[in-house]
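Produce the complete structure using the sequences and hints provided.
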Amino acid sequence: MFPEYDVIVVGAGHAGCEAAAAAANLGSKVLLVTMNMQTIAQMSCNPAMGGIAKGQIVREIDAMGGYSGIVTDLSMIQFRMLNLSKGPAMWSPRAQSDRMLFAATWRELLEKTPNVDFYQDMVKGLVVKDGRACGVVTGLGHEIKSKSVVLTNGTFLNGIIHIGEKQFGGGRVAEKAATGITEQLVELGFESDRLKTGTPPRIDGRSLDYSKMEEQKGDDEVVGFSFTDTKKPVEQRSCWITYTSQKVHDTLKTGFDRSPMYAGRIEGTGPRYCPSIEDKINRFAERERHQLFIEPEGWNTIEIYVNGFSTSLPEEVQYAALRLVPGFENVRVFRPGYAIEYDYFPPTQLNHTLETKIISNLFFAGQINGTTGYEEAACQGLMAGINAHQKAKELDPVILKRSDAYIGVLIDDLISKGTEEPYRMFTSRAEFRTILRQDNADLRLTELSYRLGLASQERMDKVISKKEGVEKIKDILKEISLEPAEADTFLAENNSAPLPQKQKAIQLLLRPNISLDGMMAGLPKIKQALTGFTEEVIEQADIQIKYNVYIEKERELVKRMNQLEDLLIPENFDYDRIVSLSAEAMQKFKRIKPRTLGQASRISGVNPSDVQILMVYMGR
1220 MFPEYDVIVV
1230 GAGHAGCEAA
1240 AAAANLGSKV
1250 LLVTMNMQTI
1260 AQMSCNPAMG
1270 GIAKGQIVRE
1280 IDAMGGYSGI
1290 VTDLSMIQFR
1300 MLNLSKGPAM
1310 WSPRAQSDRM
1320 LFAATWRELL
1330 EKTPNVDFYQ
1340 DMVKGLVVKD
1350 GRACGVVTGL
1360 GHEIKSKSVV
1370 LTNGTFLNGI
1380 IHIGEKQFGG
1390 GRVAEKAATG
1400 ITEQLVELGF
1410 ESDRLKTGTP
1420 PRIDGRSLDY
1430 SKMEEQKGDD
1440 EVVGFSFTDT
1450 KKPVEQRSCW
1460 ITYTSQKVHD
1470 TLKTGFDRSP
1480 MYAGRIEGTG
1490 PRYCPSIEDK
1500 INRFAERERH
1510 QLFIEPEGWN
1520 TIEIYVNGFS
1530 TSLPEEVQYA
1540 ALRLVPGFEN
1550 VRVFRPGYAI
1560 EYDYFPPTQL
1570 NHTLETKIIS
1580 NLFFAGQING
1590 TTGYEEAACQ
1600 GLMAGINAHQ
1610 KAKELDPVIL
1620 KRSDAYIGVL
1630 IDDLISKGTE
1640 EPYRMFTSRA
1650 EFRTILRQDN
1660 ADLRLTELSY
1670 RLGLASQERM
1680 DKVISKKEGV
1690 EKIKDILKEI
1700 SLEPAEADTF
1710 LAENNSAPLP
1720 QKQKAIQLLL
1730 RPNISLDGMM
1740 AGLPKIKQAL
1750 TGFTEEVIEQ
1760 ADIQIKYNVY
1770 IEKERELVKR
1780 MNQLEDLLIP
1790 ENFDYDRIVS
1800 LSAEAMQKFK
1810 RIKPRTLGQA
1820 SRISGVNPSD
1830 VQILMVYMGR
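If you're matching positions, the sequence shown starts at 1220 in this note's numbering and goes up one per residue.
Derived from the structure by calculation, the hints contain no laboratory data.
Watch out, some of these pointers could steer you wrong.
Unchecked claim - With a straight-line Cα cutoff of 20 Å, these simulated EDC-like cross-link-like pairs (lysine to aspartate or glutamate) come out: (1) LYS1576 x GLU1790; (2) LYS1499 x GLU1486; (3) LYS1451 x GLU1754; (4) LYS1620 x ASP1631; (5) LYS1248 x ASP1340; (6) LYS1693 x ASP1632; (7) LYS1620 x GLU1775; (8) LYS1681 x ASP1448; (9) LYS1620 x GLU1650; (10) LYS1499 x GLU1640; (11) LYS1472 x GLU1384; (12) LYS1576 x GLU1406; (13) LYS1450 x GLU1650; (14) LYS1472 x ASP1498; (15) LYS1499 x ASP1476; (16) LYS1685 x GLU1402; (17) LYS1348 x GLU1402; (18) LYS1576 x ASP1632; (19) LYS1305 x ASP1448; (20) LYS1723 x ASP1736; (21) LYS1620 x GLU1677; (22) LYS1697 x ASP1736; (23) LYS1466 x ASP1476.
What the hints assert, rightly or not - So the derived label-pair ranges between C-beta atoms look like this: (24) ASP1412 x VAL1392: 19 to 25 Å; (25) ARG1670 x THR1447: 14 to 20 Å; (26) ASP1793 x VAL1392: 28 to 34 Å.
As the structure is a computational prediction, the values presented were derived from the model and not from experiment.
From the three backbone atoms N, C-alpha and C, an ideal C-beta is built for every residue, glycine too.
Dropping the structure here:
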């Protein structure tokens, strides 16, 4: 009934979709197995993509030839560039999505991707022979063979849903949990644990009084996520902001005795950076109110997502508290918020390719690795799909370093440090964030993607043109000189000191209040010289010139770090013979088995002296 596949992907969430698309576009014959064909690429939680650090990840996925950026652009109802008051390293794109259109667009793109087959069934186990994954076994009893397997099970592994004192099995509300895989993997020697996440109530937008809320409009310019020329929305839908109050908090507290979190019915750790509303009012008792974002679920629906009100309290408590929120006095609830608890596998059991250390040709991606968020899942799926293809075809693995991409930071954090709570990406996790900006993801990653066969010739040509355009602008600004008479009025308007003498235009751009856009608007000589360049190229030139000193400093740090990354630790290195290692370093090295001295230095609990001792024993 089934042919043998190169890659089988289990699960069709954000990780599974990117994994299937990447492997198929590289030339592998792929089977995407999902328990429900109607929920491919479902946005289980908030209907949005991107945000702080997450937006950088989506742009990197796009530069690597993934689909998430394209799908987001085609389904967005609002776009905002966050952190514009800060430097470019902090700028982060975020889009509000049409939930149903997002999923439909993803499925359409997958169906148009050659080499992707679909099958609806539960995968209850793996086919493992001689320490190698070579297929899956489904709930209907089919054994399907493959050269590699990617598990992207999301929250479905032995998932339990909690609403107050009620609990029932499920991977999402109204969808059954997946069983069998955890038990088999534990038998094979894997370590598993439990995590928890949650979601807020969904409500009827017609029952809200928006006059009592603050309107949050989208940006005038919709930049989007994809470096391709995707179609962007002409109009946008507004989101709204309102706040909880002490009365809301007091009402929520009446249900704490029936809360699954406080009653001990939930074993798993929840996300620290996206806590439930009950967790917020408990941890931040001094705050009288918390912000709530009222987010439409799409263009043509009345359903609203209450961002910031994630909860698993009893339904009647949720309802009573919501009615005390300004604008929610007559609220009608479509479905209550709930918590979900599920199995995950601590990611220190993986290599940087996301292949497991115990079973070869088996890859994990997404929430099975302890992450939270669509973007974090999608980028893991992309890299797991690429490496599953590479392994199936006996090609070299593809690994992004911490200095290459936020994706590299995320994977290295997981592999080297592990996680005991749902991992979320932040700009602060990246030590080279001046280099890893959202605006230059194409310049950083397209060439690699093109060499692999994911990025098209058109994409590569566009990157080459962008690079050439930036260099031309730099050369032009180095040539143009500005006299005080022609620049001082412009400088005064921008609160900048007058020119003491004639100066090159490129020097003027280094001033804090001066931008290339501003120079083009206020200095006719500059506008005339730069006519014909796109806004994207002008912005890139502006950033590279203005922040050149900081960028070069980071590049020097990257060189130093790469010296440690180039020092490989033998795969079967005997740590027991190093008696001078600290007990914690010994334990961590033996468990994680770092591949390089750089990775060893980033393991939690490992001191610089441990790394130096290790270097000595390696003959360095």
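Verification of the supplied hints:
Under the criterion of a C-alpha separation no larger than 20 Å, the hint pairing LYS1576 with GLU1790 is consistent with the structure, at around 11 Å. For the proposed pair LYS1499 and GLU1486, the alpha carbon gap of about 19 Å is at most 20 Å, so the pair holds. With a C-alpha separation of about 16 Å, the suggested pairing of LYS1451 with GLU1754 holds against the 20 Å cut-off. A C-alpha spacing of about 8 Å is found between LYS1620 and ASP1631, which places the hinted pair at or below 20 Å, so the restraint holds.
With a CA separation close to 19 Å, the supplied pair LYS1248 and ASP1340 stays within the 20 Å bound. Our distance criterion of 20 Å between C-alpha atoms is broken by LYS1693 and ASP1632, whose separation comes to about 37 Å. Note on LYS1620 and GLU1775: the hinted pairing holds, with a Cα-Cα distance of about 15 Å set against a maximum of 20 Å. The hinted pair formed by LYS1681 and ASP1448 meets the criterion: a straight-line CA distance of about 11 Å does not exceed 20 Å.
With a C-alpha separation of about 12 Å, the suggested pairing of LYS1620 with GLU1650 holds against the 20 Å cut-off. Simply put, LYS1499 and GLU1640 have alpha-carbon atoms about 16 Å apart, close enough for the 20 Å limit, and the pair holds. For the proposed pair LYS1472 and GLU1384, the alpha carbon gap of about 15 Å is at most 20 Å, so the pair holds. Of the supplied pair hints, the one linking LYS1576 and GLU1406 holds, its CA atoms being roughly 15 Å apart against a limit of 20 Å.
Proximity of LYS1450 to GLU1650 is assessed by CA-CA distance (about 34 Å); at most 20 Å being required, the pair is judged violated. For the hint linking LYS1472 to ASP1498, the alpha-carbon distance of about 10 Å falls within 20 Å, and the restraint holds. For the suggested pair LYS1499 and ASP1476, the alpha carbons sit about 16 Å apart, so the restraint of at most 20 Å is met. In summary, the hint linking LYS1685 to GLU1402 is not supported, as the alpha carbons are separated by about 51 Å, beyond the 20 Å threshold.
Only pairs whose Cα atoms come within 20 Å are accepted, and LYS1348 paired with GLU1402 is accepted, the gap being roughly 17 Å. At roughly 17 Å between alpha-carbon atoms, LYS1576 and ASP1632 fall within 20 Å of each other, so this suggested pair holds. With a CA separation close to 27 Å, the supplied pair LYS1305 and ASP1448 exceeds the 20 Å bound. As the CA atoms of LYS1723 and ASP1736 are separated by approximately 17 Å, the hinted pair is consistent with the 20 Å bound.
Note on LYS1620 and GLU1677: the hinted pairing is violated, with a Cα-Cα distance of about 26 Å set against a maximum of 20 Å. Under the criterion of a C-alpha separation no larger than 20 Å, the hint pairing LYS1697 with ASP1736 is consistent with the structure, at around 17 Å. Taking the CA atoms of LYS1466 and ASP1476, the gap is near 18 Å; set against the 20 Å cutoff, the hint holds. Remark: the range hint 19 to 25 Å for ASP1412 to VAL1392 is upheld by a beta-carbon distance near 23 Å.
About 19 Å separates the C-beta atoms of ARG1670 and THR1447, a value consistent with the hinted range of 14 to 20 Å. Take ASP1793 and VAL1392: their Cβ atoms lie about 50 Å apart, and the range 28 to 34 Å is violated.
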